[in-house]
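Peer 1: Construct the complete structure from the given sequences, taking the supplied hints into account.
This is what each chain is made of:
4 protein chains.
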Amino acid sequence: MIIRIQCSDRVGLVAGVSDVLAKNGMNIESMREFVDREAGKFFLRVTADKEPASGKLFDQLSAVLPENASIDISRRTQEKKVVVLVTKEYHCLTDILTRNHFNTLGAKVQAVIGNHNVLRDICDRFNVPFIYVSHEEKNKEVFENELKTVLQSYSFDYIILAKFMRILSDEFVSGFFNRVINIHHSFLPAFVGASPYRQAFERGVKLIGATAHFVTNLLDEGPIIEQQIIRVNHTYTPRDMVVAGKEIETAVLAKALTLVFEDRVFVSNNKTVVFD
Amino acid sequence: MIIRIQCSDRVGLVAGVSDVLAKNGMNIESMREFVDREAGKFFLRVTADKEPASGKLFDQLSAVLPENASIDISRRTQEKKVVVLVTKEYHCLTDILTRNHFNTLGAKVQAVIGNHNVLRDICDRFNVPFIYVSHEEKNKEVFENELKTVLQSYSFDYIILAKFMRILSDEFVSGFFNRVINIHHSFLPAFVGASPYRQAFERGVKLIGATAHFVTNLLDEGPIIEQQIIRVNHTYTPRDMVVAGKEIETAVLAKALTLVFEDRVFVSNNKTVVFD
Amino acid sequence: MIIRIQCSDRVGLVAGVSDVLAKNGMNIESMREFVDREAGKFFLRVTADKEPASGKLFDQLSAVLPENASIDISRRTQEKKVVVLVTKEYHCLTDILTRNHFNTLGAKVQAVIGNHNVLRDICDRFNVPFIYVSHEEKNKEVFENELKTVLQSYSFDYIILAKFMRILSDEFVSGFFNRVINIHHSFLPAFVGASPYRQAFERGVKLIGATAHFVTNLLDEGPIIEQQIIRVNHTYTPRDMVVAGKEIETAVLAKALTLVFEDRVFVSNNKTVVFD
Amino acid sequence: MIIRIQCSDRVGLVAGVSDVLAKNGMNIESMREFVDREAGKFFLRVTADKEPASGKLFDQLSAVLPENASIDISRRTQEKKVVVLVTKEYHCLTDILTRNHFNTLGAKVQAVIGNHNVLRDICDRFNVPFIYVSHEEKNKEVFENELKTVLQSYSFDYIILAKFMRILSDEFVSGFFNRVINIHHSFLPAFVGASPYRQAFERGVKLIGATAHFVTNLLDEGPIIEQQIIRVNHTYTPRDMVVAGKEIETAVLAKALTLVFEDRVFVSNNKTVVFD
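Residue numbers (my numbering), protein chains in the order written: chain A, 1 to 276; chain B, 1001 to 1276; chain C, 2001 to 2276; chain D, 3001 to 3276.
Calculated directly from the structure, the hints in this document are not laboratory data.
Every clue listed holds true.
No farther apart than 35 Å at their CA atoms in a straight line, the calculated lysine-lysine pairs in the DSBU-like style are these:
1) A:Lys271 x C:Lys2255
2) D:Lys3050 x C:Lys2023
3) B:Lys1088 x D:Lys3108
4) A:Lys50 x A:Lys271
5) A:Lys23 x A:Lys271
6) B:Lys1081 x D:Lys3255
7) B:Lys1023 x A:Lys23
Under 7 Å between C-beta atoms, here's a sample of chain C residues computed to sit facing chain D:
8) Val2011
9) Gly2012
10) Ala2015
11) Ser2018
12) Asp2019
13) Ile2028
14) Met2031
On the chain C side, residues computed to face chain D include the following (Cβ under 7 Å):
15) Val2014
16) Ala2022
17) Asn2027
18) Glu2029
19) Glu2033
20) Val2035
C-beta atoms are modelled at their ideal positions from N, C-alpha and C, and glycine is treated no differently.
Peer 2: Okay, here's the thing in structure tokens:
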């Protein structure tokens, strides 16, 4: 079992939780705890070796925690479900599809939605449904309503923006709070906006990076899950930087998805707590 | 306060410990727990925000833990004391001396002992006692007895071998169990033994590393605390590799010492558990 | 054009080569040169912006170089051809197949040969021929002869061992000198041999790595092309190390293949010169 | 000898230069060449094994190069001279002083100038002159004139801003074109300006970095020499980020200085070409 708790801090929280687990005969295998002292918040992730003796674990935990406590209890075998949104670039999607195919993603891809029709073939090769929802000649509201209609036909935990190049409205995003994960083509907060690799080239940087983050109504400003960088040098053209960028984007998104799917990421105050 | 516990595993340990802390009015700021399931061992590191209400914290903790439990309670302000053993190379020693001088080492250097007399000057510059104990024309027993005599005149928690190029006997090492820290000039277990950089050059490796470890009676085989690497390439001569190696040796030893002095390292079964 | 030269060193080699290029109206875009002074060897890689004016570039270069000089001249558009040998593990193969599919491998996969029949499906999905050559109930000579028979039906520049778990004989390897590339599941020279991740777990290392190298008659001892590492810690089981190892193996092999396919790697004296 | 050439590009430059070297009996040990095709610029760094036969190397090289060519010829034994400007932070300065002391800096520190008087002691310990030039109760012009007066009493190649917290005027900087090196406390262009670690903390980044660059009249916008990063996480307070930042600042500045002092860095078009 994985038990995740997020609440306001006070003395005795760990004692209360661990006492409940012990009374259920559950042995704690690993425990990570963090108190954000500025914000007065408490975060706990516990893995335990067995199912609780009683069926009342949630209620028992609630009884020892503050009223506002967020409590998640999941079996490790519960696989997450995801829908992937893409545009034209294949690198992140293909990595997700192959991990999905070989059951190492930690989630099951329910469908891929593209606002262009170019990535259907690779989805077909892995027997994953591809739905084409064009944004052309539509205003954002109409486009997003069509997206939502497609999404409603699937059950899913997360939406992954795997190089989806449309900006989603606040209204759309707020409907999936902390459930939309994006890969951003730069080491945020550097080079926000368009053509980050051109910007990086012009600036002559020696490192380029990528950032996976939850999407909020603040463009490129949501809680960061993972960042990595690679070295570049003067011989890199903007095009070379794009190629190198794809490698790092793929790696960063893969790492972030693993962290999220293993229930290692908490969101609070536009930042993440990651028990990696 | 930092509380560290190491014992055999059983259900309810975290509950017991956190209950004791709560009853002492101590709020847990951070908690790291690990169970080595193969070995059946339990490791816990807790930081709490205040002193215990009662003066009986140790006894109270003992009462809820297995008999064999190792319990360490320390104030964060308790600075470790160390003695440094060196030969001729200055890079690790100088880094330690400067951190010591500016109070960022997390420990206080009581003395430096050299089996050559070449590093006295740099110690003098930082007003740290340097004691010359030559190994020449002595058998190991005589040499180590002289070392011990000098060591006995200081109070210390750890002995740091900062490029000390003599192999210490089992008998000597066992007198300071898990208290002797060495920096090894390779990415162990590669290139064990002499001239690792020459070996690395001959093999044409693309990375070289360094390893900080506790010293046991097994030469170069003690519990690893920290390892890092840096890239090298075909243009590196063996001499260039030595220069690069010094940078990485300095960085790895500094990192390992920080981890140890912050009470983040447990030793068990010839391996370490590091709550970093 | 990419021009690669490897020969014994003497004064005036660069002058001779660059004079020939200038007389052919070729502008040098990038030049990397290295002299291995211990071995007295000269290595040069030049990229030039156009085709030579005359059709006699090779002869003109030969005229200014020592007799033993190795001279390679290739158009950048000349794609390498490769055959991939596999056993059961999919991670390196799938990465190669997707890069091949999207034309970013820098080579074209002619066929995949497996000594087990488990990776046929993924090859089928990418329309790449898969040939099953079982090693069972055959001695090595018979098995390798069957491999050679299959190989002879393809034109290829390199053989890639993408987690091919059979040891090839000296005789086989020597038939493809410096043309067989292997990914080894450890940071060589550490943990040579079987179960490197189990070995790494037992030793409690803090980093694990992977090594891509040319295969020679010395098992795991051929010229190293690329090495990378990732951090691990006490929470990693041997199984977790295997999972982490697959990520690093995939990345290291991909990097090594890019270097080789871009003609950036020279082999000399059981080491590589890599102009990256 | 190290020969560095920077000029507009045309066919035959390498041929011309290498022919001159060959005629002087100089064997090329290593050669790095780069053409910036957008800017039409040519960069060359050659190391040769001996002194030229004639005393006219510079003139002979000029004869085969465009008129505007910048030609640097230096003996490897020619040590650079530097003056270091500091404020209160010791970490970069101490690293420079120890490398200077043990002759591994690749340059000799002529003097340290502080706008506060707090780092005199550490300079005294290494017998390096410290000059206190307060900025207080002076306008920038007066302060910088005092700096210049002190600087004029020393011969030096570079000014190193080792955590010098005053912004220098365009007029001052332009007097030392491409000779002033700064360490900036962030992964530029992220977190430009004050309190970058506080900004990084607020944003919840997973990496922090540092940037060494030449100082131009564009604040924090000069040519980047080197950048590196380290991982941070949710447990880092702003203060912890400052501590981690000091480690990376020290490492980045040390690396950048090595590159510059070994004549590996060219500046062009507000970017650097680094032959590392």
